[in-house]
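Chemist: Chains V, G and U, in that order, give the protein sequences. Residue numbers for the first sequence follow my numbering, beginning at 43 and rising by one. Residue numbers for the second sequence follow my numbering, beginning at 26 and rising by one. Residue numbers for the third sequence follow my numbering, beginning at 982 and rising by one.
Incorrect hints may appear among the rest.
Said to hold, decoys possible - Away from chain V, derived, C-beta distances all over 12 Å, residues of chain U:
1. P1032
2. A1036
3. V1147
4. L1184
5. L1191
What the hints assert, rightly or not - Computed beta-carbon distance windows for the label pairs:
6. Q206/V / S180/G: 26 to 34 Å
7. Q1037/U / V55/V: 56 to 64 Å
8. L1153/U / D173/G: 32 to 40 Å
9. L1240/U / L286/G: 29 to 37 Å
10. G135/V / Q1037/U: 46 to 54 Å
11. G87/G / P131/V: 32 to 40 Å
I should point out that these hints are in silico values taken from the structure, not numbers from a laboratory. Glycine residues also receive a C-beta, built at the ideal position from the N, C-alpha and C atoms.
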Amino acid sequence: MSRRFTSVLIGGVLPALLALLWEFAARRGGAASYAFTPIGQIADSFVTMLQNGMLLGDLWASLRRTLLALLIGGGSGLLLGTALGIFRPLSIGVSPLINIFRQVPILGWLPLIALWLGNGDGARLLLVSLAAFYPTVLNTQKGFDAADRKLIEAGMLYQFSRWQRVRFIALPSALPLIFTGISQALSFAWIATIGVELLFSASAGLGTEMVNAQVSARTDIIMICILCVGVMGFLLNHGLMLTRNHLLRWHRSALGEG
Amino acid sequence: MDKYRNFNHQTHAAPSAGSTGAVRIENLSKQYRMGGKALNVLQDIDLSIRPGEFVSIVGPSGCGKSTLLRLIVGLDSDFTGDIRLDGKRITGTSLERGLVFQDHRLFPWMTVARNVEVALLNQKLPRERRESLITSHLELVGLAGFADAYPHQLSGGMAQRAAIARALVNEPKVLALDEPLGALDALTRVKVQAELQRIWMEAGTTMIMVTHDVDEALFLGDRVVVMSPRPGRIAQIVDVDLPHPRDRASPVLHRLKDAILAELTAEPGKGDAGLVQFPVRPRS
Amino acid sequence: MRIFSKRRGKGIDDDAAWMRLIPILCLLTLAGLWQMAVTMRLFPVQVLVPPSVVAQTFASLWASGDLQRHLSFSLSRLFLGFGFGSAAGLALGAAMGLWQPVRRIFQPTFDAVRYVPVITFIPLLILFFDVEELFKVVVVSLATFFPVAIATFDGVRAIPRGYFEVSALYRLPLHDLILRVVFPATVPPVLTGMRLGLTRAWLSLVAAELLAADSGLGQMMEMGRQMFRIDVVMVGVILAGTIGFLLDRGMQFAEARLLGWRHA
């Protein structure tokens, strides 16, 4: 038990030190101090934001955007990835296109999308969906590509039709990579959500909140939002991992072997 | 010594008493083309297998024995010559000809029962018949209690038995086995050999098994086909005229084993080309 | 492998030569369709500027020197930040990997922070550093730091114990240990980490420039947006993508050269 305690103690040295430095900078006053709000105030603001529903409202707005985009972008990625994985001629033409477009940093599309669709939620959703689309389509296709030749042969012995091969061999075989794709898509969508909210801060959301706080020099609000973004990102990923481990319990990696 | 259980199997019959599952191979040859040169993988294979017979095939690496099985089962259609099942030429794969691979190739995302069930996908059978076939075949291979286990939960021997159940559930006329016990450790192998013999005796299916293990070939087979490599040919066919179930200690088996090993290890002329010759060290 | 084709043993040579042309063909086809769509007035000119106009804009931007200016700002920030971030990441990653006490102190904080996307820190950094060069370099450094630190940490941890034992046996001084043992053993994973860091760095830089800058490729695109100049934005998008592609390929090339001794 004491071993664990010392671990925690040692691990806490750095954060404690940083917190002390922070508090010192906040109290010192002077030119730079507006950037450092005292820790006590951060805690107060946290409670306030929670109580007046601001925090949860922003959190929910961002989360909703991410999940919706995951549905749209991830869903289309799944469909296209499956088609590309099953029909090789299609993938020869389409995959290079996807790879070409993927080179553009995702937020770099925003000015273009804004010019086409204006500044509204539609533009934001499109961009975040795009962020979810790429990893999904690529990993799904890879998943189908990776279908084990040996198992396909076994299927041939039982006269599997094309559809049966997909349903009983290729698709389950692709699931681990499909999940990888979805989990990457979730991460990217969450990041892209914050990104578009930072750049287009019209509606509610954690990113919007941060930009407003930056303008009014409310570092305490910024810190709270950063914390939320991090925690939420972690929870989303963790939740997905648990789902994956359950659905793929037959797969070696889910069982922690190899 | 009637060990035949009352088994609900269409072609159930004492070995060699059934009328289906006769395999006739005539003039079979196969070539691979590698970088312009033609490699004779199999040359002029002639073999007649009686219904319900258990034929073992042994031979060194490169003698084409696995290729022969794949041709019989239809996973490969590129050959010259004739392969007939009960008089009809074979075309491609068929539910009448099954195969057990060395790696069990069970679908990892399905339970054992489901693995066996999907083999029946393309036989339009009523539900009860399907269920009874699955249950009876799992019992046959001794996995009755493991219907809901996933392949990763099974030991090597159990997984292979599941693969055998899957291969037999369609009640094929012929079952090919490609080094089915090769991936198992020595102790498990001995046990599963006995199991395989029992399964064959109960099911009565014609079986053609490729193996590296001469003991195994003799223990299980009514006849042992000895092949020689480059090009793949049948060197000799040894009759094992002993009743089933076999006694491992039988001197007949030992005598035959010596004969076969002699055939396998004696290579005329260029056989020593691959060996490293160490200079003889003078005694000091 | 393909699920439905029964193609057997086609020479790999055929595929390679033919395959390399395909992306270029795709691009050309795309550009062609794009031009056609505009010529056939499928979209109003404001929405879909034809490739010819984009090319013209590119040429004029280049001629006026604007493009070079923006690019030099962006790329200098990128390489500066990448340099700092990699150095810091290498140092911390190696330190954490080699010495238990360092790991115990830094890892918890590191793990807590690494999952926060870099762009999340941008508002905070703006408050600290104002919208100057330093701010952008810091953003790029941060983006580079985490992947490199993680890759270095993993790489150092993966060094077989035996190497260290041999070094201890020969009483290797620290700088020799780092240079002759740790460094060569960790080059492969570190390079991969740096490649990822570079990609993230470029991504974050473009985002930072879109948000708060007075020069750079991102800022050029944002200005284009505000002035409703789709052609300018398109030039920016194409350049951003091309640079990202070249950076990644460049790193892969470097990896291949430096790791020539590795693969069979």
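Chemist: So, for every hint listed, does it hold in this structure?
Modeler: The hints, checked one at a time:
Against the 12 Å criterion, P1032/U stays outside the reach of chain V, whose nearest CB is about 14 Å from its own CB. Every Cβ of chain V is farther than 12 Å from the Cβ of A1036/U; the closest lies at roughly 17 Å, confirming the non-interface assignment. Every CB of chain V lies more than 12 Å from the CB of V1147/U, the least distance being 29 Å, so the non-interface label holds. Look at L1184/U: its CB is around 4 Å from the nearest CB on chain V, not clear of 12 Å, so calling it non-interface is violated.
For L1191/U, the shortest C-beta to C-beta distance to chain V comes to about 6 Å, within the 12 Å cut-off, and the non-interface label is violated. Between Q206/V and S180/G, the C-beta spacing of about 29 Å keeps the proposed range 26 to 34 Å intact. A hinted range of 56 to 64 Å holds for the C-beta pair Q1037/U and V55/V, which are about 60 Å apart. Between L1153/U and D173/G the Cβ separation comes to about 57 Å, which falls outside the hinted range of 32 to 40 Å.
The supplied range of 29 to 37 Å is broken by L1240/U and L286/G, whose beta-carbon atoms lie about 48 Å from each other. Separation of G135/V from Q1037/U is about 29 Å and departs from the stated range, judged on CB atoms against 46 to 54 Å. Between G87/G and P131/V the Cβ separation comes to about 37 Å, which falls inside the hinted range of 32 to 40 Å.
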